[in-house]
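K.L.:
For reference, the chains in residue letters:
2 protein chains.
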Amino acid sequence: MEFASQGKKELVPLASAYGRFLAEDLIADHDVPSFDRSPYDGFAIRAEDSASASAEQPISFEVVGEIGAGFVFSEQVECGQAVRIMTGAQIPQGCNAVVMLELTRQYEENGKNYMEIKRPYQKGDNISHQGEDMKKGTALVKKGTYINPGISALLATFGYHEVPVIQKPVIGVLATGSELLDANEPLQPGKIRNSNAFMILSQIERAGGEARYFGKFSDDLDTCISAVKAALSEVDFLITTGGVSVGDYDYLPEIYQQLGAEVLFNKIAMRPGSVTTVAQLNNQLLFGLSGNPSACYVGFELFVRPIIRRFAWNESPHLRREKAILGEDFKKPNPFTRFVRATLSFNEGQLVVSPSGFNKSSAVSSLAEANAFIVLPGGTRGYEKGMIVDVLLLEDLQGSEWPWHEIVPSYR
Amino acid sequence: MEFASQGKKELVPLASAYGRFLAEDLIADHDVPSFDRSPYDGFAIRAEDSASASAEQPISFEVVGEIGAGFVFSEQVECGQAVRIMTGAQIPQGCNAVVMLELTRQYEENGKNYMEIKRPYQKGDNISHQGEDMKKGTALVKKGTYINPGISALLATFGYHEVPVIQKPVIGVLATGSELLDANEPLQPGKIRNSNAFMILSQIERAGGEARYFGKFSDDLDTCISAVKAALSEVDFLITTGGVSVGDYDYLPEIYQQLGAEVLFNKIAMRPGSVTTVAQLNNQLLFGLSGNPSACYVGFELFVRPIIRRFAWNESPHLRREKAILGEDFKKPNPFTRFVRATLSFNEGQLVVSPSGFNKSSAVSSLAEANAFIVLPGGTRGYEKGMIVDVLLLEDLQGSEWPWHEIVPSYR
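Residue numbers (the UniProt record's numbering), protein chains in the order written: chain F, 1 to 412; chain C, 1 to 412.
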């Protein structure tokens with residue numbers, strides 16, 4: 001997080017702002033509503049004129065005009081007068097209460113219009129008061145907040161025809177591995193199709209970034225180095241997959257060295273994803289994720305996602321952490337903290353979490369149903385169904401403020 | 001739901017499939033992995049050759065070759081031989097176990113390479129078996145499922161360079177109301193900026209539709225009718241906001257009549273949104289949502305969202321319904337079922353729900369933080385903090401199968 005960069009502002013049309021992150025605090029620049037208005041169709045009156053109204057002795061008002069939403073009644077309403085008023089219209093000068101249409105009786109007499117009521121009204125009855133929804137000057141939404149439909153409504157209300165949002169970080173993806181086939185190639189003995197790259201493109205999009213795929217590289221070291229260099233010049237962050245384990249054919253350490261990148265860490269006490277590497281070159285982050293799909297997926301969510309959300313100035317960039325009931329046994333202890341791909345459900349409002357399928361770092365199938373990770377701290381004990389565990393939510397928009405590096409001590 | 005239409009298939013590049021809905025069942029057309037492979041860097045051996053190995057009497061194997069991921073070892077491995085193997089590489093013919101690199105000692109003798117182990121291995125040790133992740137023929141993901149990053153990985157694995165997805169429904173939005181200003185217009189007495197349209201554009205996008213904004217209409221009836229006619233010819237569904245209450249200036253009933261549209265319902269026993277109207281014309285649905293922001297928002301999520309998700313062939317098109325603890329009192333009973341804009345939180349994994357702010361049908365501010373509705377069934381009793389209530393989740397991808405029309409009887 002020390003090397004996390006933060007994005008600049010750009011303006012987008014309001015209709016395109018959904019799902020982006022706000023680049024400025026949103027502050028109410030006027031009261032909402034900006035005038036006293038009627039929440040109902042009815043008649044605006046002076047409440048004091050209704051004081052003696054009753055079923056036995058109704059009071060009649062002369063209807064001196066009518067006013068639709070968006071219009072202003074230009075005259076002063078006097079004693080004994082009423083104005084027919086539509087939902088949303090501004091209360092006429094002199095009036096201080098609204099009578100609902102269905103509680104009146106209307107009639108004509110001598111060419112004049114009247115309406116009659118059978119009970120008294122208090123000053124302020126049935127009026128939506130200026131500022132009751134939002135007061136001028138109120139800080140409504142913070143910079144770095146995800147723009148949801150409600151915030152779109154606020155932006156329109158306060159005149160943001162164009163919306164200042166944070167530019168999306170451009171994140172490059174480059175797959176390495178001599179075993180990789182493109183998605184459109186037929187299977188060949190010993191080879192697999194490159195699923196990681198497309199998975200990560202989707203993860204980048206889910207996190208709020210803009211993905212750029214640079215293809216797969218399985219050739220010689222020099223080709224890889226050129227590819228990484230070229231990619232770095234076009235992106236904010238670069239992700240490589242594969243080529244980071246201890247095998248003889250792994251290029252990544254060599255690439256980092258030749259680029260002069262500083263490796264921040266290249267081994268993490270966790271499963272899967274222990275070979276996740278993060279390096280920096282002139283403050284630009286390079287993520288070396290595992291070639292194993294599940295390890296790659298977990299590495300992205302734990303290490304890349306927070307960097308994307310921080311880029312967006314979001315104040316809770318990490319995966320949201322909550323408690324849940326473990327839905328299945330994990331009896332075999334593991335010295336390393338595990339992040340198990342899992343599916344959340346609710347039992348009468350109580351979060352329950354169960355592994356989403358085949359649980360190996362190489363697994364692809366379990367990722368399709370995963371919407372959470374179960375966090376099982378490493379140690380000498382196993383875990384049993386019914387225990388309370390930490391979960392990290394993958395489809396949540398809110399996130400957590402807790403930094404990843406604090407989770408480990410909290411379990412010790 | 002009887003008038004819900006269902007979308008057709010289109011092909012999109014795999015990199016653009018995230019967030020779309022799958023147009024075909026996804027079935028594994030081969031085993032994954034498609035061959036026995038090594039999960040580690042190490043040596044492939046014949047387990048039977050290691051039977052007598054011990055710390056005191058290590059067994060040596062001649063290393064007859066090496067094999068990287070993506071390559072195939074072409075020879076048969078014989079008694080006493082081993083092959084250096086990288087993570088992900090196919091197990092050579094004749095071998096049936098893998099020894100991890102770090103558990104071996106390697107040496108050279110007479111120009112030949114050897115490695116030595118100190119314990120026996122069983123047939124199958126450290127092998128990722130063909131089909132262990134997914135078996136050929138397994139139905140993995142159903143038509144109508146939201147494509148998340150894990151499903152992107154599956155699609156790549158099974159060679160979907162192009163992905164059959166459901167076309168997005170095009171949903172028109174047309175605002176009516178003489179009080180409306182555009183977002184870029186300065187405030188004027190008695191007028192408000194049109195926030196509903198931009199809110200709905202975002203809600204459409206969140207639900208998975210493609211929004212088309214036709215502007216606001218506050219002129220005469222004929223202009224409105226032409227606008228609605230023109231819009232209908234371009235869209236799958238049309239939403240209008242405003243103009244649907246009982247006021248004198250409301251055009252919508254007249255528009256429906258002149259178009260020859262059949263009004264399916266125009267009043268609902270709920271708050272807010274009681275004046276929500278749905279009509280159909282030649283099986284094309286027209287939604288008349290309230291001009292009040294909160295009522296409009298609720299009407300969209302309860303009535304339009306399910307139609308969008310059903311269009312995508314999704315099997316759980318309604319908002320996901322769960323139970324939660326009510327975080328605040330609602331002591332005043334209401335004869336109508338209320339849908340209160342609310343914010344969810346977790347207390348040790350237990351869902352808690354509290355109203356997200358100012359709670360009137362005209363409110364805009366409460367929508368910014370809303371990620372759920374609290375459902376408070378109508379009746380003669382109020383609700384107290386701590387009670388268990390139904391909630392409908394707004395940011396969930398899973399949805400519910402329950403049809404909206406069944407919620408009401410279940411509370412009676």
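Bear in mind the hints are in silico, worked out from the structure with no lab data behind them.
This structure is a prediction, so every number in the text was calculated from the model and none was measured.
By construction, the Cβ of each residue, glycine as well, lies at the ideal position given by its N, Cα and C atoms.
Misleading hints may appear alongside valid ones.
[What the hints assert, rightly or not] Negatives, chain F to chain C, calculated, CB over 10 Å:
1) 47
2) 113
3) 137
4) 153
5) 187
6) 230
7) 254
8) 291
9) 330
10) 354
11) 360
12) 402
[To be verified] Restraint-style ranges between C-beta atoms, simulated for each label pair:
13) 260(C) <-> 347(F): 30 to 40 Å
14) 184(C) <-> 142(F): 34 to 44 Å
15) 5(C) <-> 333(F): 32 to 42 Å
[What the hints assert, rightly or not] Below, computed lysine-lysine pairings styled on BS3-like, alpha-carbon distance capped at 25 Å:
16) 385(F) <-> 323(C)
17) 360(C) <-> 332(F)
18) 323(C) <-> 360(F)
19) 360(F) <-> 135(C)
20) 136(C) <-> 123(F)
K.L.:
With reference to the structure, classify each hint as holding or not holding.
P.N.:
Here is how each hint holds up against the structure:
Consistency note on residue 47(F): stated as away from chain C, and its beta-carbon is indeed over 10 Å from all of that chain's, at 20 Å minimum. With a least beta-carbon separation of about 13 Å from chain C, residue 113(F) lies farther than 10 Å from that chain, consistent with its non-interface assignment. With a least CB separation of 14 Å from chain C, residue 137(F) remains clear of the 10 Å interface cut-off, as annotated. The claim that residue 153(F) is not at the interface with chain C is violated, since a C-beta of that chain comes within 10 Å of its own (minimum 4 Å).
Some Cβ of chain C comes within 10 Å of the Cβ of residue 187(F); the nearest lies about 6 Å off, and the non-interface call is violated. Its beta-carbon lying about 19 Å from the closest one in chain C, residue 230(F) satisfies the requirement of being farther than 10 Å from that chain. Non-interface status of residue 254(F) relative to chain C is upheld: no Cβ of that chain comes within 10 Å, the nearest being about 15 Å off. Against chain C, the non-interface label of residue 291(F) is violated: not every CB pair exceeds 10 Å, the least being about 7 Å.
No Cβ of chain C approaches the Cβ of residue 330(F) within 10 Å, the least distance being about 17 Å, so the stated non-interface status holds. Its beta-carbon lying about 14 Å from the closest one in chain C, residue 354(F) satisfies the requirement of being farther than 10 Å from that chain. Distance check for residue 360(F) against chain C: the nearest CB is about 7 Å away, which does not clear 10 Å, and the non-interface claim fails. Every C-beta of chain C lies more than 10 Å from that of residue 402(F), the closest at about 14 Å, which supports listing it as non-interface.
For the pair residue 260(C) and residue 347(F), the supplied restraint of 30 to 40 Å is violated, since their beta-carbon distance comes to about 49 Å. Separated by about 24 Å at the C-beta atoms, residue 184(C) and residue 142(F) break the suggested range of 34 to 44 Å. The supplied range of 32 to 42 Å is broken by residue 5(C) and residue 333(F), whose beta-carbon atoms lie about 54 Å from each other. For the hint linking residue 385(F) to residue 323(C), the alpha-carbon distance of about 22 Å falls within 25 Å, and the restraint holds.
Distance hint between residue 360(C) and residue 332(F) is unfulfilled; the C-alpha atoms sit about 54 Å from each other, more than 25 Å. With a CA separation close to 33 Å, the supplied pair residue 323(C) and residue 360(F) exceeds the 25 Å bound. Restraint check for residue 360(F) and residue 135(C): the C-alpha separation of about 15 Å stays at or below 25 Å, so the hint holds. Simply put, residue 136(C) and residue 123(F) have alpha-carbon atoms about 75 Å apart, too far for the 25 Å limit, and the pair is violated.
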